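Residues per chain are reported as follows:
2 protein chains.
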Amino acid sequence: MNWLDEIKWDADGLVPVIAQERDSGDVMMFAWMNREALARTAELGEAVYWSRSRKKLWHKGEESGHTQTVHELRLDCDNDVVLMKITQHGHEPGISCHTGRHSCFYQRLEDGGWKAVEPVLKDPESIYK
Amino acid sequence: MNWLDEIKWDADGLVPVIAQERDSGDVMMFAWMNREALARTAELGEAVYWSRSRKKLWHKGEESGHTQTVHELRLDCDNDVVLMKITQHGHEPGISCHTGRHSCFYQRLEDGGWKAVEPVLKDPESIYK
Chain E
1 MNWLDEIKWD ADGLVPVIAQ ERDSGDVMMF AWMNREALAR TAELGEAVYW SRSRKKLWHK
61 GEESGHTQTV HELRLDCDND VVLMKITQHG HEPGISCHTG RHSCFYQRLE DGGWKAVEPV
121 LKDPESIYK
Chain Y
1 MNWLDEIKWD ADGLVPVIAQ ERDSGDVMMF AWMNREALAR TAELGEAVYW SRSRKKLWHK
61 GEESGHTQTV HELRLDCDND VVLMKITQHG HEPGISCHTG RHSCFYQRLE DGGWKAVEPV
121 LKDPESIYK
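Just so you know, the protein sequences line up as chains E and Y, in that order.
Per full-length UniProt numbering, the very first residue in the first sequence carries number 1; after that it's consecutive.
Per full-length UniProt numbering, the very first residue in the second sequence carries number 1; after that it's consecutive.
Calculated directly from the structure, the hints in this document are not laboratory data.
Treat the hints loosely; a few may be bogus.
No copy is singled out in the list; a pair is fine if it fits within one copy or between any two copies.
[Stated by the list, open to error] Taking lysine to aspartate or glutamate and the EDC-like style, the derived pairs with C-alpha atoms no more than 20 Å apart in a straight line are: (1) K8 / E92; (2) K115 / D78; (3) K56 / E92; (4) K55 / E6; (5) K55 / D10; (6) K122 / E72; (7) K8 / E62; (8) K8 / E36; (9) K56 / D26.
It should be emphasised that the depicted structure is a prediction, and the values quoted were computed from it without experimental measurement.
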């Protein structure tokens with residue numbers, strides 16, 4: 001049995017994927033993969049997601065140079081969520097977020113509102129030329 | 001504007017939620033919340049999910065005693081994924097998984113197959129009496 005067959009793909013043929021920076025433990029981003037994206041990710045050792053908005057494979061870093069080396073793939077107890085241990089390339093510290101921040105999870109709930117609490121490390125205009 | 005209104009709920013009125021153990025950085029589980037579950041989580045300071053299979057609110061630990069204190073709520077750049085920093089209670093080390101393991105992400109891709117690589121810390125039969 002192929003390891004891809006063991007995944008419980010959702011009604012759209014997708015699985016949610018969490019990317020965690022291996023060295024810091026930081027949760028960097030959350031995205032989706034279809035079967036082809038996950039197969040490519042495993043084959044390349046680099047994150048290839050499925051863009052739900054653009055409806056196509058999205059090799060992370062293809063425009064920004066901010067690729068992600070995938071060290072390890074994990075699957076949860078229900079076989080329907082993937083966790084990846086990654087190294088984020090292209091900047092030090094790593095930038096996973098399209099806003100130029102380290103992690104996509106930069107908004108913290110404080111006093112009844114979401115506050116951006118992490119710095120922009122690089123101007124997004126200069127990331128996506 | 002209410003902070004709950006800023007979340008982009010999906011077509012089913014849900015948002016994906018990642019629970020990360022604050023002290024270890026380990027990603028413990030992934031689940032879903034509806035508006036009421038997230039409101040209750042913030043109010044209680046304990047994780048309350050929406051069970052998609054049972055179609056009801058699920059106060060984590062209500063049966064097992066393995067509750068989760070929520071220290072921090074984070075929202076991603078697209079306002080459609082929540083990350084929580086938690087402490088897992090009821091066992092040392094914490095057990096988030098219904099299989100009696102520390103984390104739900106205990107299967108690792110190795111040599112083309114998913115291998116369970118984390119120990120069962122407590123027999124699930126004795127967790128859910």
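Hint check against the structure, violated hint numbers in rising order:
Hints 1, 3, 4, 6, 7, 9 not satisfied by this model.
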